[in-house]
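Q: Sequence:
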Amino acid sequence: MVPDDAAGEIAAEAIRFEAGDSDLIAFRAKFMGSLHDLCRDEPLSGDHLELFFALEAWEEAVGEERRSAAERVADLAGRLATGA
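Going by the working numbering, the sequence shown opens with residue 2, and the numbers climb by one from there.
It is possible that part of the hints are untrue.
[What the hints assert, rightly or not] Quick list of simulated restraints, FRET-style, between CB atoms: (1) ALA27 / ALA58: 17 to 23 Å; (2) GLY64 / VAL3: 36 to 42 Å; (3) THR83 / MET33: 19 to 25 Å; (4) VAL3 / GLU66: 34 to 40 Å; (5) ARG67 / SER46: 38 to 44 Å; (6) ASP6 / ALA62: 15 to 21 Å; (7) ALA62 / ASP5: 29 to 35 Å.
[What the hints assert, rightly or not] Under the rule of at most 25 Å between Cα atoms (straight-line distance), these lysine to aspartate or glutamate pairs were calculated in the DMTMM-like manner: (8) LYS31 / GLU51; (9) LYS31 / ASP76; (10) LYS31 / GLU66; (11) LYS31 / GLU19; (12) LYS31 / ASP42; (13) LYS31 / GLU60.
Read the hints as simulated data drawn from the structure, not as lab findings. This structure is a prediction, so every number in the text was calculated from the model and none was measured. Think of the CB as a built atom: it goes at the ideal place given N, C-alpha and C, for glycine as much as any other residue.
With the sequences and hints as input, model every part of the structure.
A: Spelled out as structure tokens, the structure:
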């Protein structure tokens, strides 16, 4: 898969996540499963890089920190969903 197709699949899952048709775990799985293709030609950057770190923070967090990290992931998903 080419990087643009991987980015498109992530954006499509972000739209489902934003609509409540997907959850954070499914969104994370789609993102992580697309990383190899997304980074095929150049390093991760922009919202995708921020999302990578936000998902890592969510995985490591507990309690209120986990809720805050989930909100950060949701914000980034919203940006990817709208192309902002």
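Q: Next, verify each hint and record whether it holds.
A: Hints, one by one, checked against the model:
1. ALA27 / ALA58: 17 to 23 Å: The hinted range 17 to 23 Å holds for ALA27 and ALA58, with Cβ atoms some 18 Å apart.
2. GLY64 / VAL3: 36 to 42 Å: Given range 36 to 42 Å: holds, Cβ gap about 40 Å.
3. THR83 / MET33: 19 to 25 Å: holds (22 Å)
4. VAL3 / GLU66: 34 to 40 Å: holds (36 Å)
5. ARG67 / SER46: 38 to 44 Å: violated (26 Å)
6. ASP6 / ALA62: 15 to 21 Å: violated (31 Å)
7. ALA62 / ASP5: 29 to 35 Å: holds (32 Å)
8. LYS31 / GLU51: holds (16 Å)
9. LYS31 / ASP76: The hint holds at about 17 Å.
10. LYS31 / GLU66: holds (23 Å)
11. LYS31 / GLU19: This hinted pair holds, its Cα atoms lying about 14 Å apart.
12. LYS31 / ASP42: With a Cα-Cα distance of about 19 Å, the restraint between LYS31 and ASP42 holds, given a limit of 25 Å.
13. LYS31 / GLU60: With a Cα-Cα distance of about 15 Å, the restraint between LYS31 and GLU60 holds, given a limit of 25 Å.
The structure fails to meet hints 5 and 6 from the earlier list, while all remaining hints are met.
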